[in-house]
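Please model the complete structure; the sequences and the hints are all you need to start from.
Number of protein chains: 2
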Amino acid sequence: MRLSSMLLPTLRESPADAEVVSHKLMVRAGLIRKVAAGIYNLLPLGLRVIQKVEGIVREEMNRAGAQEVLMPFVLPAELWRESGRWDVYGKELLRFKDRHGRDFCLGPTHEEGITDMVRGEVRSYRDLPVNLYQIQTKFRDEIRPRFGLMRGREFMMKDAYSFHATDESAEEEYQNMFDTYSRIFKRCGLAFCAVEAETGPIGGSFSHEFMVLADTGEDAIVNCSKCDYAANVERAEIKGPEGKPLRKEKQEPLKKVSTPGMKSVEEVSSFLKVEPSRLIKTLIYETDKGIVAALVRGDFEINEAKLRRMLAVEFVRLAEEETIEKITGAPMGFAGPVGLGIEIAADFSVKDMENGVTGANEADAHLTSVNPERDFKALYGDIRTAVEGDPCPRCSSPLKLRRGIEVGHIFKLGTKYSESMGATFLDEKGKERPMIMGCYGIGIGRTAAAAIEQNHDENGIIWPIPLAPFDCEILPVNVNDPETLKTAESLYVSLGEKGMEVLLDDRDERAGVKFKDADLIGIPVRVTVSSRTLEEGSVEVKQRRAADKRLVKVGDAAGEVERLLKND
Amino acid sequence: MRLSSMLLPTLRESPADAEVVSHKLMVRAGLIRKVAAGIYNLLPLGLRVIQKVEGIVREEMNRAGAQEVLMPFVLPAELWRESGRWDVYGKELLRFKDRHGRDFCLGPTHEEGITDMVRGEVRSYRDLPVNLYQIQTKFRDEIRPRFGLMRGREFMMKDAYSFHATDESAEEEYQNMFDTYSRIFKRCGLAFCAVEAETGPIGGSFSHEFMVLADTGEDAIVNCSKCDYAANVERAEIKGPEGKPLRKEKQEPLKKVSTPGMKSVEEVSSFLKVEPSRLIKTLIYETDKGIVAALVRGDFEINEAKLRRMLAVEFVRLAEEETIEKITGAPMGFAGPVGLGIEIAADFSVKDMENGVTGANEADAHLTSVNPERDFKALYGDIRTAVEGDPCPRCSSPLKLRRGIEVGHIFKLGTKYSESMGATFLDEKGKERPMIMGCYGIGIGRTAAAAIEQNHDENGIIWPIPLAPFDCEILPVNVNDPETLKTAESLYVSLGEKGMEVLLDDRDERAGVKFKDADLIGIPVRVTVSSRTLEEGSVEVKQRRAADKRLVKVGDAAGEVERLLKND
Numbered sequence: 105m106r107l108s109s110m111l112l113p114t115l116r117e118s119p120a121d122a123e124v125v126s127h128k129l130m131v132r133a134g135l136i137r138k139v140a141a142g143i144y145n146l147l148p149l150g151l152r153v154i155q156k157v158e159g160i161v162r163e164e165m166n167r168a169g170a171q172e173v174l175m176p177f178v179l180p181a182e183l184w185r186e187s188g189r190w191d192v193y194g195k196e197l198l199r200f201k202d203r204h205g206r207d208f209c210l211g212p213t214h215e216e217g218i219t220d221m222v223r224g225e226v227r228s229y230r231d232l233p234v235n236l237y238q239i240q241t242k243f244r245d246e247i248r249p250r251f252g253l254m255r256g257r258e259f260m261m262k263d264a265y266s267f268h269a270t271d272e273s274a275e276e277e278y279q280n281m282f283d284t285y286s287r288i289f290k291r292c293g294l295a296f297c298a299v300e301a302e303t304g305p306i307g308g309s310f311s312h313e314f315m316v317l318a319d320t321g322e323d324a325i326v327n328c329s330k331c332d333y334a335a336n337v338e339r340a341e342i343k344g345p346e347g348k349p350l351r352k353e354k355q356e357p358l359k360k361v362s363t364p365g366m367k368s369v370e371e372v373s374s375f376l377k378v379e380p381s382r383l384i385k386t387l388i389y390e391t392d393k394g395i396v397a398a399l400v401r402g403d404f405e406i407n408e409a410k411l412r413r414m415l416a417v418e419f420v421r422l423a424e425e426e427t428i429e430k431i432t433g434a435p436m437g438f439a440g441p442v443g444l445g446i447e448i449a450a451d452f453s454v455k456d457m458e459n460g461v462t463g464a465n466e467a468d469a470h471l472t473s474v475n476p477e478r479d480f481k482a483l484y485g486d487i488r489t490a491v492e493g494d495p496c497p498r499c500s501s502p503l504k505l506r507r508g509i510e511v512g513h514i515f516k517l518g519t520k521y522s523e524s525m526g527a528t529f530l531d532e533k534g535k536e537r538p539m540i541m542g543c544y545g546i547g548i549g550r551t552a553a554a555a556i557e558q559n560h561d562e563n564g565i566i567w568p569i570p571l572a573p574f575d576c577e578i579l580p581v582n583v584n585d586p587e588t589l590k591t592a593e594s595l596y597v598s599l600g601e602k603g604m605e606v607l608l609d610d611r612d613e614r615a616g617v618k619f620k621d622a623d624l625i626g627i628p629v630r631v632t633v634s635s636r637t638l639e640e641g642s643v644e645v646k647q648r649r650a651a652d653k654r655l656v657k658v659g660d661a662a663g664e665v666e667r668l669l670k671n672d
Numbered sequence: 105m106r107l108s109s110m111l112l113p114t115l116r117e118s119p120a121d122a123e124v125v126s127h128k129l130m131v132r133a134g135l136i137r138k139v140a141a142g143i144y145n146l147l148p149l150g151l152r153v154i155q156k157v158e159g160i161v162r163e164e165m166n167r168a169g170a171q172e173v174l175m176p177f178v179l180p181a182e183l184w185r186e187s188g189r190w191d192v193y194g195k196e197l198l199r200f201k202d203r204h205g206r207d208f209c210l211g212p213t214h215e216e217g218i219t220d221m222v223r224g225e226v227r228s229y230r231d232l233p234v235n236l237y238q239i240q241t242k243f244r245d246e247i248r249p250r251f252g253l254m255r256g257r258e259f260m261m262k263d264a265y266s267f268h269a270t271d272e273s274a275e276e277e278y279q280n281m282f283d284t285y286s287r288i289f290k291r292c293g294l295a296f297c298a299v300e301a302e303t304g305p306i307g308g309s310f311s312h313e314f315m316v317l318a319d320t321g322e323d324a325i326v327n328c329s330k331c332d333y334a335a336n337v338e339r340a341e342i343k344g345p346e347g348k349p350l351r352k353e354k355q356e357p358l359k360k361v362s363t364p365g366m367k368s369v370e371e372v373s374s375f376l377k378v379e380p381s382r383l384i385k386t387l388i389y390e391t392d393k394g395i396v397a398a399l400v401r402g403d404f405e406i407n408e409a410k411l412r413r414m415l416a417v418e419f420v421r422l423a424e425e426e427t428i429e430k431i432t433g434a435p436m437g438f439a440g441p442v443g444l445g446i447e448i449a450a451d452f453s454v455k456d457m458e459n460g461v462t463g464a465n466e467a468d469a470h471l472t473s474v475n476p477e478r479d480f481k482a483l484y485g486d487i488r489t490a491v492e493g494d495p496c497p498r499c500s501s502p503l504k505l506r507r508g509i510e511v512g513h514i515f516k517l518g519t520k521y522s523e524s525m526g527a528t529f530l531d532e533k534g535k536e537r538p539m540i541m542g543c544y545g546i547g548i549g550r551t552a553a554a555a556i557e558q559n560h561d562e563n564g565i566i567w568p569i570p571l572a573p574f575d576c577e578i579l580p581v582n583v584n585d586p587e588t589l590k591t592a593e594s595l596y597v598s599l600g601e602k603g604m605e606v607l608l609d610d611r612d613e614r615a616g617v618k619f620k621d622a623d624l625i626g627i628p629v630r631v632t633v634s635s636r637t638l639e640e641g642s643v644e645v646k647q648r649r650a651a652d653k654r655l656v657k658v659g660d661a662a663g664e665v666e667r668l669l670k671n672d
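Top line first, the protein sequences correspond to chains W and X. Positions 105 to 672 (the working numbering) are the ones given, in order, by the first sequence. Positions 105 to 672 (the working numbering) are the ones given, in order, by the second sequence.
Hints were generated in silico from the structure; no laboratory data involved. This one's a predicted model, so the numbers in the text were calculated from it and none came from an experiment. Keep in mind that the hints are not guaranteed to be accurate.
A pair holds if it fits inside one copy or across any two, identical chains being indistinguishable in the list.
Using 30 Å as the maximum straight-line C-alpha spacing, the simulated DSS-like pairs for lysine-lysine come out as follows [stated by the list, open to error]:
| hint | residue 1 | residue 2 |
| --- | --- | --- |
| 1 | Lys138 | Lys535 |
| 2 | Lys455 | Lys343 |
| 3 | Lys360 | Lys377 |
| 4 | Lys138 | Lys242 |
| 5 | Lys242 | Lys201 |
| 6 | Lys670 | Lys602 |
| 7 | Lys201 | Lys128 |
| 8 | Lys620 | Lys128 |
| 9 | Lys195 | Lys138 |
| 10 | Lys354 | Lys367 |
| 11 | Lys195 | Lys242 |
| 12 | Lys138 | Lys520 |
| 13 | Lys393 | Lys520 |
| 14 | Lys201 | Lys138 |
| 15 | Lys620 | Lys393 |
| 16 | Lys504 | Lys290 |
| 17 | Lys242 | Lys352 |
| 18 | Lys377 | Lys481 |
| 19 | Lys602 | Lys504 |
| 20 | Lys504 | Lys330 |
| 21 | Lys455 | Lys535 |
So, in structure tokens, the structure goes:
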């Protein structure tokens with residue numbers, strides 16, 4: 105394609121609302137333009153990248169035996185009422201009425217839609233399993249859309265749903281999708297890892313997230329330095345102490361000390377001149393089964409998902425100040441487990457603590473020499489968030505903390521939707537049973553954005569070849585030089601004939617502008633044609649990713665470009 | 105693909121709400137399923153057809169130099185306010201508020217979106233022309249959606265928009281798109297014609313509709329029996345009489361006759377025993393410039409679009425009964441031009457009439473021997489709808505009436521949107537001018553439906569090869585016969601290796617069911633494998649379109665299928 109006739113508007117400045125590098129570069133390189141908050145136009149260059157991701161996803165989903173379908177974007181409320189989500193899904197579900205006053209919503213996900221499709225057509229175990237997917241626009245009315253395509257309101261997603269007669273079959277397909285996703289992100293040319301993840305409000309029994317690794321990623325993940333264990337920090341298991349606690353110190357008598365106005369771990373530890381790891385942090389939570397206290401060592405953080413699971417409750421949320429005062433008899437910041445009349449859930453990290461420090465349940469006072477078991481009773485479990493160096497739950501080697509961007513998520517859903525919506529089948533014995541479901545998503549635009557987060561430098565994007573909008577860019581330095589233009593045009597033809605997608609920067613622009621744009625849009629291989637090198641019959645070939653340039657005879661240039669693209 | 109593992113649910117009965125054959129067959133052949141009024145799921149077989157249409161459209165649009173983009177489905181009201189359409193677009197524009205109370209709508213078309221995109225990026229005549237297209241879901245909240253994918257609420261459309269510095273450039277692109285559309289529908293394997301059309305509420309100066317010819321089509325079109333003139337009947341020009349009228353009869357004196365309760369052309373002509381072509385039908389219209397009477401010969405119909413153009417008014421609509429009584433002094437059904445005190449627009453067909461019959465502007469009375477010019481004055485023009493046999497406006501040969509389905513529409517838009525939304529450019533002299541626009545649509549799902557309307561028989565669909573979801577179906581009559589199954593499987597492999605898309609009906613079903621399904625889903629070539637013909641080492645090859653079957657040696661079958669697909 106000729107740049108002169110392409111709508112490819114590049115910008116020197118980043119848009120004011122762009123916080124992350126992929127958002128900045130997608131706008132600057134002319135891939136996207138904002139239409140409204142979280143709603144974007146895909147310009148020609150941007151759509152080409154999206155179509156590359158789509159193409160890889162489609163091929164691999166088909167290869168895995170999934171069948172492509174297309175459900176509507178506008179969904180009737182009835183389906184969501186059946187599943188029960190019409191009322192519980194938050195404001196992200198954009199609801200409206202049609203001209204006849206009937207309730208509809210814009211599909212943020214399609215569990216209801218697909219369950220309705222399948223229950224209408226599949227009756228027998230003989231028709232199962234089936235895995236159906238679509239590549240489609242979704243809408244989630246995020247309260248604060250940001251980061252460009254990373255967290256938009258309208259976005260493109262591949263969502264797949266599988267239906268099974270047995271748990272074994274569902275688990276087989278889960279593994280099939282796990283392998284398929286691994287192939288997809290590998291084929292996209294991305295460094296990624298699959299981590300154990302929370303299932304969240306979508307429900308289900310287990311799930312994995314596929315994370316593109318990038319220092320700028322939103323998500324914290326841990327992976328083992330030795331084995332292949334990896335998990336979202338939200339989810340990463342931390343083993344409890346084994347055997348009896350090793351007592352190293354003499355248990356001193358409990359003592360109340362004055363700590364006027366000292367509330368946070370930092371304030372108390374610096375005031376009392378003790379390490380934060382000496383403090384027992386006490387947080388008061390409300391849950392659907394009542395109020396509980398949660399304890400964790402002062403240098404760790406409570407993980408609410410784990411706490412929720414440990415308590416087997418529907419929700420946990422930090423109590424309001426009033427509630428805390430009522431329960432502890434003290435203002436916020438002075439809670440402690442000693443003498444507290446409510447259920448106490450403590451992290452394993454508290455179990456072995458000796459002569460710790462806690463709030464005294466009294467204003468401006470803390471207790472020192474607090475010893476678990478002697479001074480308070482608690483239920484122990486893994487309720488903290490993992491940190492760098494924690495032991496791997498599989499092999500005990502130290503865990504490493506990394507950052508990533510979630511681009512895919514697979515769930516074993518179970519029967520949540522098939523039961524509420526009556527998607528049943530007749531098994532071999534003629535008995536009616538709910539289908540067992542799995543669901544599997546990939547953010548298409550997010551994958552493109554994550555590719556940029558992982559692959560860029562200060563000058564612009566560095567596209568992995570499989571996602572690049574073009575394979576190669578030809579840059580004639582001066583299109584007014586007939587020899588330069590002729591060589592560029594003939595290279596354009598010969599590279600095209602080799603099946604490559606080629607961008608020819610045939611604009612009558614200053615060389616500096618063209619080089620800056622080339623770096624910004626990040627086509628993997630650039631061929632620079634200038635009268636200077638043509639004197640020796642050569643053109644300059646450069647990979648976007650590498651610093652070195654190489655002079656190649658004009659006749660060898662196409663072959664050299666091909667070689668670079670193949671070997672990368 | 106193996107039918108046994110495909111979601112391809114066929115039905116023996118048509119759905120109750122299906123009125124047209126394409127709707128019936130799309131549901132019965134397992135292509136679509138209804139989700140809500142005018143909103144459908146595309147099942148795997150249906151999506152394959154849609155993707156075939158999409159693929160052809162995309163290739164030809166790219167070949168024509170258009171660039172693909174993707175605009176959002178959810179559009180902010182501001183853009184529509186700028187163009188002025190937020191208030192005037194009817195209820196088909198589905199409007200709603202997001203969580204922050206901001207107004208949005210679902211895009212029924214994207215003139216506003218694209219004008220906004222281009223005005224932000226294009227500043228100079230040097231960046232023009234540009235033609236941008238997308239293949240995207242649209243939503244129009246039709247009051248009465250029907251006919252399946254033919255007139256749905258959510259539907260897929262290819263919409264393209266071009267921007268130009270000069271009229272000549274816009275007209276060149278119009279011709280380019282005309283040629284591109286012709287190639288697209290030809291490549292789809294459809295019989296079609298391009299007709300001159302009304303521009304309608306979208307605005308613009310001229311337009312063509314692309315019609316797939318089918319007896320069941322919604323639209324009436326005329327085409328010349330001799331030259332290549334073709335037009336929507338709404339639009340078809342009818343030449344006026346040339347020279348002085350030929351007077352054949354003696355002008356009798358005007359006479360009032362009693363016609364008690366006789367109002368319609370049929371009633372009056374049969375009561376007075378005169379041909380309908382003797383009657384001068386008089387209709388009273390309200391327009392934005394006042395009330396007018398419109399006359400047409402009794403056997404013709406007034407064409408309101410033509411009337412509107414002739415009067416140079418914004419709208420015309422039949423007057424209410426009250427208004428008619430006030431204007432004519434008589435109840436509805438007795439209006440006539442003689443002595444009527446308002447402007448009269450008469451069709452050319454009235455000009456030469458002699459001794460005609462009209463209402464007397466008096467209850468239960470008509471006038472006979474009415475003679476134009478002598479008895480009333482009128483402005484004459486072409487304001488009737490063409491009928492079979494009318495003379496071609498180009499060559500005067502008789503026009504033929506046909507029916508068609510509109511699948512594409514191209515418009516020269518002019519500056520309607522660029523002016524209201526400020527999409528301007530600087531011309532060669534540095535003067536700011538509005539861009540000249542064209543727009544070009546193709547209904548993707550409609551094209552698939554129209555293909556069925558044109559290509560089916562009583563047993564089901566007969567896909568044109570380019571749109572067929574599979575090229576070939578292999579039908580093993582009995583999968584429990586090892587030799588049959590082995591042959592079918594090996595043909596499945598060898599046809600696939602030749603690059604064909606093959607459907608293998610490997611279900612353990614009765615032969616009758618399989619043959620019925622094969623006819624219903626309409627794959628172009630069927631290879632039937634049965635133990636009976638295998639005894640002679642043969643399989644049966646049959647085209648869906650033709651009656652004859654042919655026995656072919658197993659080893660020659662793949663070649664024969666290939667030959668049939670190429671020669672069709």
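Going down the list of hints, with the structure as the test:
no., hint, result
1, Lys138 with Lys535, "between (53 Å within a copy, 28 Å between copies)"
2, Lys455 with Lys343, "within (12 Å within a copy, 100 Å between copies)"
3, Lys360 with Lys377, "within (15 Å within a copy, 118 Å between copies)"
4, Lys138 with Lys242, "both (17 Å within a copy, 20 Å between copies)"
5, Lys242 with Lys201, "both (18 Å within a copy, 17 Å between copies)"
6, Lys670 with Lys602, "both (13 Å within a copy, 27 Å between copies)"
7, Lys201 with Lys128, "between (36 Å within a copy, 28 Å between copies)"
8, Lys620 with Lys128, "within (15 Å within a copy, 57 Å between copies)"
9, Lys195 with Lys138, "both (22 Å within a copy, 27 Å between copies)"
10, Lys354 with Lys367, "within (27 Å within a copy, 114 Å between copies)"
11, Lys195 with Lys242, "both (15 Å within a copy, 23 Å between copies)"
12, Lys138 with Lys520, "between (37 Å within a copy, 24 Å between copies)"
13, Lys393 with Lys520, "within (23 Å within a copy, 63 Å between copies)"
14, Lys201 with Lys138, "both (26 Å within a copy, 19 Å between copies)"
15, Lys620 with Lys393, "neither (61 Å within a copy, 60 Å between copies)"
16, Lys504 with Lys290, "within (22 Å within a copy, 60 Å between copies)"
17, Lys242 with Lys352, "neither (58 Å within a copy, 71 Å between copies)"
18, Lys377 with Lys481, "within (27 Å within a copy, 110 Å between copies)"
19, Lys602 with Lys504, "neither (44 Å within a copy, 51 Å between copies)"
20, Lys504 with Lys330, "within (10 Å within a copy, 81 Å between copies)"
21, Lys455 with Lys535, "neither (50 Å within a copy, 80 Å between copies)"
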